[in-house]
Amino acid sequence: MSSPTPQAATVPTAIAVAGLRKSFGEHVVLNGIDLTVPQGTVFALLGPNGAGKTTMVQILSTLIHADRGEAALAGYDLNREPARVREVIGVTGQYSAVDELLTGRENLMLMAGLYHLGRPAAKARTETLLEQFDLTETAGKLVATYSGGMKRKLDLAMTLVSDPRIIFLDEPTTGLDPRSRRVMWQIVKDLTRSGVTVFLTTQYLEEADQLADQIALLDHGTLIAEGTPEELKRLTPGGHIRLRFTDVSTLGKALTVIARPGQADEEALTLEVPTSGSVPELRGILTRLDDHGVDVAELTVHTPDLDDVFLTLTGNEA
Amino acid sequence: MATALADSAIMLRRNLKHMFRYPSMIAFMILMPVGFLLLFVYILGGTVGPGGQSGRAAYATFITPGIIALTMVAASTATAVSIASDMTGGIIARFRTMPIARVSMLAGHVGRGVIQTMLGVAGVTAVALLTGFRATASPVDWLAAAAILVLFAFALTWLSVALGLAAKTVEAASNLPTPLIILPFLGSGFVLTSSMPTAVRWFAEYQPFTPVINTLRGLLTGAPIGNNAVIAIAWSLAITVGSYLWARKLFSRDPAPS
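Heads up: the protein sequence lines correspond to chains A and B, in order.
In this text, residue positions in the first sequence follow this note's numbering: the first is 221, and each later residue adds one.
In this text, residue positions in the second sequence follow this note's numbering: the first is 247, and each later residue adds one.
No lab work stands behind these hints, which were simulated from the structure alone.
It should be emphasised that the depicted structure is a prediction, and the values quoted were computed from it without experimental measurement.
Any given hint could turn out to be false.
[As the list claims (entries may be wrong)] Calculated lysine-lysine pairs in the DSSO-like style (CA-CA distance at most 27 Å, straight line):
hint, chain 1, residue 1, chain 2, residue 2
1, A, Lys343, B, Lys263
2, A, Lys371, A, Lys409
3, A, Lys343, A, Lys361
4, A, Lys409, A, Lys343
5, A, Lys343, A, Lys371
6, A, Lys409, A, Lys453
7, A, Lys371, B, Lys263
8, A, Lys371, A, Lys361
9, A, Lys371, B, Lys414
10, B, Lys414, B, Lys495
11, B, Lys414, B, Lys263
12, A, Lys361, B, Lys263
[What the hints assert, rightly or not] Stretch-level coverage of chain B by chain A, calculated; a stretch enters the list once three of its residues show a Cβ under 8 Å from a Cβ in chain A:
hint, region
13, 249-259
14, 262-268
15, 339-353
Ideal Cβ placement from N, Cα and C applies to all residues, glycine included.
Assemble the whole structure, with the sequences as input and the hints as a guide.
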């Protein structure tokens with residue numbers, strides 16, 4: 221007698237959204253959004269400016285009301301139990317939500333006080349976060365004197381004071397220099413290790429690719445695609461390899477030898493050949509060139525990225 | 247309820263930190279009433295005055311309650327501006343997504359507004375004493391005057407909070423309370439209402455600043471108070487309740503899309 225195999229433990233749902241709609245006057249911003257985010261994962265809402273990303277975050281974080289639709293966060297109903305929802309979420313908006321007339325430390329103590337942590341716990345939490353975000357040295361200075369990157373870090377630290385189970389990050393790295401962006405990415409990656417669910421919006425395809433377990437593409441208020449970064453990339457056929465040669469005659473010879481359509485650039489001495497990117501196909505091309513004595517100076521393989529996906533699905537640049 | 251009080255105390259502390267970090271705000275706030283005080287006492291004080299019974303010091307004593315009322319209007323503008331600029335910043339959006347009593351976000355501003363008003367009133371009163379203002383008040387009278395002022399400041403601060411919330415920009419917030427400046431003039435602040443043309447007199451006698459100024463004048467200089475104190479308290483309570491309800495309604499709206 222074999223007992224039925226136990227089902228794999230299902231991961232609880234952190235965010236469930238159904239039929240969410242929002243208009244500002246005549247302008248439809250969200251036109252029926254459905255999505256599900258499993259607990260402990262990073263979900264990236266990707267889209268160009270004006271796609272409705274910020275509105276989505278503002279609704280899910282109880283800041284504004286949707287016109288229609290349902291949403292549950294950690295099982296609490298957004299419309300009926302907003303106070304419960306507020307207890308489990310943390311929000312870092314697109315515009316810095318720090319008090320510039322207070323010091324960094326005072327900002328964190330303010331948050332700790334509002335979460336009723338109690339003085340010793342509040343102090344301990346504040347110092348830990350200052351340390352973790354590398355802000356201890358400037359903790360006594362007014363936030364008005366902070367750089368953009370420091371304000372962002374403080375902003376996120378303030379969001380973490382309450383140990384939220386679901387964190388919303390609205391364009392967390394917009395306006396940051398590349399180094400600060402890397403730091404922010406590392407912070408987000410570290411967060412998910414503790415089982416926190418992250419819902420982030422971004423207009424940077426690379427960022428979604430780096431951080432997200434699941435990506436949804438938002439365009440004009442509608443989700444036009446959803447999946448893992450790999451799944452989305454597979455939606456676009458268009459990868460290619462780029463071959464560079466040392467002179468124009470070799471380039472011309474190569475074009476005839478490979479006997480495939482290719483785009484030659486005589487200025488750059490390069491030849492772009494569409495491929496699926498598979499190894500046998502690449503080997504085939506290289507063998508032919510080798511057999512005919514054509515020397516390749518450089519080879520680069522271009523796999524489709526999310527830019528291509530967006531371009532394919534919308535006909536627009538992201 | 248306990249949470250609302252605790253949250254309000256935290257918000258008040260935040261607002262007081264802002265205030266003490268920029269004490270120039272209070273100095274700036276009392277510029278206008280002090281300017282009027284000097285203008286009236288030194289330019290006009292020799293000739294105008296209640297019933298012509300003149301002397302600069304006597305006129306300074308007569309108008310100081312009106313100047314104090316002007317100070318309260320100036321303080322209202324400061325409160326409207328500070329709440330409007332707070333609303334435009336991201337931190338209020340953060341507070342709105344946190345599990346805290348919503349009224350505390352306004353209460354912090356109200357507490358600061360009342361304290362700021364009273365500091366301004368103290369500053370202006372000190373200048374008035376230098377220009378010849380003399381009070382005959384006993385310590386109890388001073389306390390009663392302070393109580394009336396706090397009550398009226400509370401009312402005007404709630405009104406300014408509502409005006410600051412209603413304003414779409416910080417500039418608009420600084421303009422909205424400006425018409426209030428006219429009220430101490432169209433009241434008993436600078437001349438006796440009995441000297442005014444009938445229509446103006448009717449308005450002057452029934453608007454809220456007049457009973458407040460009369461009560462203050464009575465307490466500080468021994469003029470008859472009559473039923474002015476009761477009317478002043480009634481006005482203060484009515485303005486407070488009305489403004490509180492209006493402010494709460496404005497604040498519970500969805501914030502405008504940014």
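Each hint, compared with the structure:
A threshold of 27 Å between alpha carbons decides the hint, and for A/Lys343 with B/Lys263 the separation of about 19 Å falls inside it, so the pair holds. As the CA atoms of A/Lys371 and A/Lys409 are separated by approximately 19 Å, the hinted pair is consistent with the 27 Å bound. Distance check on the hinted pair: A/Lys343 and A/Lys361 sit about 17 Å apart at the alpha-carbon level, within 27 Å; holds. This hinted pair checks out: A/Lys409 and A/Lys343 have alpha carbons roughly 26 Å apart, not beyond 27 Å.
A C-alpha spacing of about 20 Å is found between A/Lys343 and A/Lys371, which places the hinted pair at or below 27 Å, so the restraint holds. Distance hint between A/Lys409 and A/Lys453 is fulfilled; the C-alpha atoms sit about 22 Å from each other, no more than 27 Å. Distance restraint check for A/Lys371 and B/Lys263: the Cα-Cα separation of roughly 20 Å lies within the 27 Å cut-off, and the hinted pair is therefore satisfied. Distance check on the hinted pair: A/Lys371 and A/Lys361 sit about 12 Å apart at the alpha-carbon level, within 27 Å; holds.
For the proposed pair A/Lys371 and B/Lys414, the alpha carbon gap of about 26 Å is at most 27 Å, so the pair holds. Note on B/Lys414 and B/Lys495: the hinted pairing holds, with a Cα-Cα distance of about 15 Å set against a maximum of 27 Å. Proximity of B/Lys414 to B/Lys263 is assessed by CA-CA distance (about 25 Å); at most 27 Å being required, the pair is judged to hold. Of the pairs offered as hints, the one joining A/Lys361 and B/Lys263 holds, with about 14 Å between alpha carbons and a cut-off of 27 Å not exceeded.
Chain A is given as covering the region 249-259 of chain B, and this holds because 4 residues of the stretch bring a CB closer than 8 Å to a CB of that chain, at least three being needed. Under a criterion of three residues with beta carbons nearer than 8 Å to beta carbons of chain A, the stated coverage of the region 262-268 of chain B is upheld, 4 such residues being counted. Coverage of the region 339-353 of chain B by chain A holds in this model, with 8 residues showing a Cβ closer than 8 Å to a Cβ of that chain against a need of three.
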